[in-house]
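Enquirer: Chains as they are written, first to last, in our numbering: chain A, 1 to 116; chain B, 1 to 109.
For the record, the hints were derived by calculation from the structure and aren't laboratory data. The C-beta atom is built at its ideal place from N, Cα and C for all residues, glycine as well. Check before you lean on any hint, since a few could be wrong.
Not the full set, but computed from the structure, chain A residues with beta-carbon under 8 Å of chain B [to be verified]:
id, residue
1, Pro8
2, Ile12
3, Gly16
4, Asp26
5, Val29
6, Met31
7, Gln41
8, Ser42
9, Thr104
10, Phe107
11, Gly110
Derived EDC-like pairs (lysine to aspartate or glutamate); straight-line CA-CA distance at most 20 Å [to be verified]:
id, chain 1, residue 1, chain 2, residue 2
12, B, Lys96, A, Glu86
13, B, Lys96, A, Glu96
14, B, Lys106, B, Glu67
15, B, Lys96, A, Asp11
Beyond 10 Å from chain B on every Cβ pair, some chain A residues (computed) [what the hints assert, rightly or not]:
id, residue
16, Ser1
17, Gln24
18, Thr44
19, Thr48
20, Thr74
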Amino acid sequence: SAVISQKPSRDICQRGTSLTIQCQVDSQVTMMFWYRQQPGQSLTLIATANQGSEATYESGFVIDKFPISRPNLTFSTLTVSNLSPEDSSIYLCSVEGERGVTDTQYFGPGTRLTVL
Amino acid sequence: AQRVTQPEKLLSVFKGAPVELKCNYSYSGSPELFWYVQYSRQRLQLLLRHISRESIKGFTADLNKGETSFHLKKPFAQEEDSAMYYCALSVSGTYKYIFGTGTRLKVLA
Numbered sequence: 001s002a003v004i005s006q007k008p009s010r011d012i013c014q015r016g017t018s019l020t021i022q023c024q025v026d027s028q029v030t031m032m033f034w035y036r037q038q039p040g041q042s043l044t045l046i047a048t049a050n051q052g053s054e055a056t057y058e059s060g061f062v063i064d065k066f067p068i069s070r071p072n073l074t075f076s077t078l079t080v081s082n083l084s085p086e087d088s089s090i091y092l093c094s095v096e097g098e099r100g101v102t103d104t105q106y107f108g109p110g111t112r113l114t115v116l
Numbered sequence: 001a002q003r004v005t006q007p008e009k010l011l012s013v014f015k016g017a018p019v020e021l022k023c024n025y026s027y028s029g030s031p032e033l034f035w036y037v038q039y040s041r042q043r044l045q046l047l048l049r050h051i052s053r054e055s056i057k058g059f060t061a062d063l064n065k066g067e068t069s070f071h072l073k074k075p076f077a078q079e080e081d082s083a084m085y086y087c088a089l090s091v092s093g094t095y096k097y098i099f100g101t102g103t104r105l106k107v108l109a
């Protein structure tokens with residue numbers, strides 16, 4: 001299984017600023033995903049990031065608020081822009097697992113964001 | 001609508017007792033279902049997937065298409081099973097997951 005790291009592990013930010021979260025994988029993967037987990041709630045997919053193309057956003061999430069980069073097959077960033085307290089969540093990246101077998105995903109440790 | 005429902009937020013059982021974590025789904029196609037587990041201060045990790053019909057750490061889960069359920073079971077709970085458990089459905093062909101809200105399992109000594 002892939003080993004995934006995220007930076008930062010946690011941050012406290014002021015309203016109106018932005019935070020960029022990095023996701024690094026130890027192997028090349030085609031598909032990377034970004035999720036949000038709001039306090040006491042389940043994981044919600046923000047977008048799918050494929051190398052060489054624009055990220056695909058889920059309903060309710062827009063590129064202006066959550067710009068994503070995917071410069072190569074082992075790295076992606078998610079920026080949460082113009083922060084408000086409602087953005088306080090855990091943000092997780094995940095990557096595809098064994099292709100052709102099943103749609104397994106492997107998750108990073110998450111980034112805990114608190115917006116004051 | 002595609003949905004995964006885990007009706008219990010918290011389930012407490014005594015060590016050695018049987019465990020059943022409930023998961024129901026709503027999906028128009030042929031579902032691929034997973035159980036993920038998150039132990040305290042650890043990342044979310046795959047526990048098992050229905051397509052493999054495997055048993056991991058004594059846990060099993062059977063897909064019941066008639067009842068649209070994928071309940072997670074273990075005959076004898078251990079204290080180390082205490083964790084957050086998430087049921088997830090993969091949307092066919094997309095690698096997208098729909099997660100349930102999770103059930104926190106507490107195994108009491």
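Enquirer: Hints numbered earlier in the text: which of these fail when held up against the supplied structure?
Expert: Checked against the structure, the hints that fail are numbers 1, 2, 3, 4, 5, 12, 14, 15, 16, 18, 19, while the rest are satisfied.
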